[in-house]
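Peer 1: So you can see what is in the structure, the chains are spelled out below.
Protein chains: 2
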Amino acid sequence: MFSGLSAFPLTPMNERGLDEGAFVRLIERLVTASVDSIGVLGSTGNYAYLTKTERARVLKLAVEHAGNIPVIAGIAALRTRDVLTLAENAEAAGVSGVLMAPMSYQKLLPEEVFGLYETVTRALSLPLCVYDNPGTTQFVFSDELHARIAHLPHVASIKIPAVSGDPVEARLRIERLRAHIPAHITIGISGDGSAAHGLNAGCDAWYSVIGGVFPSTALEITRAAQAGNTQEALRLSQRLQPLWELFAEYGGSLRVIASAAELRGLVEQPCLPLPLNALSGEGRSRLKILIDELNLS
Amino acid sequence: MFSGLSAFPLTPMNERGLDEGAFVRLIERLVTASVDSIGVLGSTGNYAYLTKTERARVLKLAVEHAGNIPVIAGIAALRTRDVLTLAENAEAAGVSGVLMAPMSYQKLLPEEVFGLYETVTRALSLPLCVYDNPGTTQFVFSDELHARIAHLPHVASIKIPAVSGDPVEARLRIERLRAHIPAHITIGISGDGSAAHGLNAGCDAWYSVIGGVFPSTALEITRAAQAGNTQEALRLSQRLQPLWELFAEYGGSLRVIASAAELRGLVEQPCLPLPLNALSGEGRSRLKILIDELNLS
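Chains as they are written, first to last, in my numbering: chain A, 1 to 297; chain B, 1 to 297.
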C-alpha cells in the first residue's frame, strides 16, 4: 500500500460544507486510472480545516468508492486526544492505513513528537505512514528521530519532503535515511516537482498531489521510474516544469491544483475553505493555458 | 483597553478537559494585582487546542471573574467560518475586545490574510487587536499590509513580535510602523524578554505571558517604563534574563510559564494539552530555583 503512486485528492468544500458529489467523482477518477493507493485527508485533502464529523464522512465516501484500491487516511490534529479519536474513526471507516504529521500550533520539540507517535501507535491496529512535512508543521525531523519512530509498532512508511535535483545528492539522502530505519519501512517522496528525482534515487512511493487530480500524468512518471527508465521519468517531470514554478509562486501545490480542478470542471468554484483562495487573474489564465498545453489528465 | 499591561493567563487543562477552578484562580490573581486588561485564549491560553464549546466556557468564566478589568478574547481559527462563530461567541460572552492571529496550516498569502481581517471586522462590533506572531502562524506581516488592515473598521491595536535590544533600532521600528497606521491604533509588544525595550521605544502596551502568572513582576516593569524610567525598566527586565534564556531553550515561553505555574501550585500538573509537555528533569530544577531567586510574584 505504501509504494508506487499514492494519489492525494482534494476534499472539495465551500463555506456551507463538503461537496460530496465532487469528492466521489475525484475518487472514481483515481479508481479508473488504477493508482496504487488513495491518500485522503492529507494536506491536499485539507484535513486541518474539517471537523471530526466531516472527516469521518469523507473517509466513509472514500472507502465506499475506492473499490479494491487501498485508502490511506490522514489522522493528524493539534491535540493527541483528537488524534486518538480520529484514529478510531479511521479504523471504523475501514481504511487500510493511516498517515500522520506532527501538526503544530506551538512548534513541537523532538521528545513531544516522539511521545505523540508512541501514544498513537500504541492505540493503533493499522499501518502508519509518518508524514514529514516541515512546510506545514514547522517541525524538522532528524534521522535519529525518524529511526526511533520507525521502530515503533505499526510504522510502515515515511513520507519525506523534496530531495535534491542532483542525482548523487538525492541518492545519498535516501541511503542515509535507509541506514537509520528497519528494512520493512518504505520511503515515499513528496513535493511533486521532486518526485522523479526521489523515485530515481530509490524511493518506494510517490505521495502525489497532482496524482489526485491528474492520475494518468502522475502514473506515467511513476511507471517510468519503477521500470528503471530514469531519463524518461526525468523528461516527463521536466515537461511539467512550468507547473512546478506555479506551485512555488503560489505558496505550494494546493492553490494551483485546486484551481486546475476547478478549470477542468472536476469541482465547483470555490473548492477551498476560506481564508484560502484559489488562483485568480493572471495566474489563473496562465494555469488554464498550461493545463491544455501539457495535456494533463 | 489596548494599553498598559495586558496579562495573558494560561488555560489550565489536561486530557480530560479544562481545569476551571485553576483558571478562575488565575483570573482572580490578575484582578488582585490590578493589571490593565486580561487577554484570554491567546497563544498562552492555548486557544488552538480547545473546542468552540470549551472556548465559550473559558470566556464566560473570565468575564464573570474579571470584575472591572476588560477581557480581550482570542478568536483565531484555521477557517474563516470558525472565526466568525468564535467572534459571535466572544460578543455573547460579554468580552470587551478581541484578538486575532492569521492562524495557518497552509501558510497564508498576504491577500488571504487581508481578506480574513476584512471579513471578520465586517461582522464585528468589538474592537480588534491584530496579532502578529510569525512564530506560530508562519506569516510575516509587511508594514504595508499592517497599514491596510489598520484602516479596517474596529481595528484598534497591533500586537507585534520582539523588537531589537538596541534602543535606536527599536525606536526606529516602532516609528516606521506608526508612520503607516492611523493615530488611534495602539502598538503592543510581545516576547516578554523584549517588553522593556518595546515599552521604552514607545509601545503603548505589553501583551505579556509572565504577566498572566506573575502580574506584580510584570507590572513593576510596565509602570517603570510608563513613568519614563527607562533604565529602571531595563534593569528589572535584565534581572529576569535567566528566565528569558529558559524561554529560548524550550521553544518559547509557554512550556516554561506552565511549569512555573505548576511549581508554584497555581495549577495542577499537567496543565498543558498533549503532545505539549511542561519542563522535566534538569530544566525543571533550574526553573524551580529561578522562581525563588527572582522572587517572581
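Don't take each hint at face value.
As the list claims (entries may be wrong) - With a cut-off of at most 25 Å between alpha-carbon atoms, the simulated BS3-like pairs for lysine-lysine come out as follows:
no.: 1; chain 1: A; residue 1: 52; chain 2: B; residue 2: 107
no.: 2; chain 1: A; residue 1: 107; chain 2: A; residue 2: 60
no.: 3; chain 1: A; residue 1: 107; chain 2: B; residue 2: 60
no.: 4; chain 1: B; residue 1: 52; chain 2: A; residue 2: 52
no.: 5; chain 1: A; residue 1: 288; chain 2: B; residue 2: 107
no.: 6; chain 1: A; residue 1: 288; chain 2: B; residue 2: 288
no.: 7; chain 1: A; residue 1: 107; chain 2: B; residue 2: 288
no.: 8; chain 1: B; residue 1: 60; chain 2: B; residue 2: 107
To be verified - Partial pick of chain A residues on the chain B-facing surface, computed with a CB cut under 7 Å:
no.: 9; residue: 14
no.: 10; residue: 49
no.: 11; residue: 52
no.: 12; residue: 81
no.: 13; residue: 85
no.: 14; residue: 109
no.: 15; residue: 112
no.: 16; residue: 118
no.: 17; residue: 122
no.: 18; residue: 125
no.: 19; residue: 140
no.: 20; residue: 251
no.: 21; residue: 254
no.: 22; residue: 275
no.: 23; residue: 291
Claimed, not checked - A few chain A positions that, by computed beta-carbon distances, are all more than 10 Å from chain B:
no.: 24; residue: 78
no.: 25; residue: 142
no.: 26; residue: 277
Think of the hints as simulated: they come from the structure by calculation, not from any bench.
Since the model is a prediction, treat every value here as computed from it, not as a measurement.
We put the CB at the ideal spot given by N, CA and C, even for glycine.
Peer 1: A separate judgement is required for each hint: does it hold in the structure or not?
Peer 2: So, going through the hints one by one against the coordinates:
1. A/52 x B/107: holds, 22 Å
2. A/107 x A/60: violated, 32 Å
3. A/107 x B/60: Roughly 29 Å separates the two Cα atoms, so the pair is violated.
4. B/52 x A/52: holds, 13 Å
5. A/288 x B/107: holds, 24 Å
6. A/288 x B/288: This hinted pair is violated, its Cα atoms lying about 61 Å apart.
7. A/107 x B/288: holds, 24 Å
8. B/60 x B/107: Violated, at about 32 Å.
9. 14: violated, 10 Å
10. 49: holds, 5 Å
11. 52: Violated: closest Cβ of chain B sits about 10 Å from residue 52 of chain A, beyond 7 Å.
12. 81: holds, 5 Å
13. 85: violated, 12 Å
14. 109: Where the cut-off is 7 Å and the nearest Cβ of chain B is about 5 Å from residue 109 of chain A, the hint holds.
15. 112: This interface hint holds because 5 Å falls under the 7 Å limit.
16. 118: violated, 10 Å
17. 122: The hint is violated - residue 122 of chain A has no Cβ within 7 Å of chain B, the shortest such distance being about 13 Å.
18. 125: Hint on residue 125 of chain A: violated, closest Cβ of chain B at ~21 Å, above 7 Å.
19. 140: violated, 13 Å
20. 251: holds, 5 Å
21. 254: holds, 6 Å
22. 275: holds, 4 Å
23. 291: At about 21 Å, which exceeds the 7 Å cut-off, the nearest Cβ of chain B leaves the hint on residue 291 of chain A violated.
24. 78: Non-interface label on residue 78 of chain A violated, nearest chain B Cβ at 6 Å vs cutoff 10 Å.
25. 142: With a cut-off of 10 Å, residue 142 of chain A remains clear of chain B, as the shortest Cβ separation is near 15 Å.
26. 277: Since the minimum Cβ distance to chain B is about 6 Å, residue 277 of chain A lies within 10 Å and the statement is violated.
Violated hints for the displayed structure, listed by number in ascending order: 2, 3, 6, 8, 9, 11, 13, 16, 17, 18, 19, 23, 24, 26.
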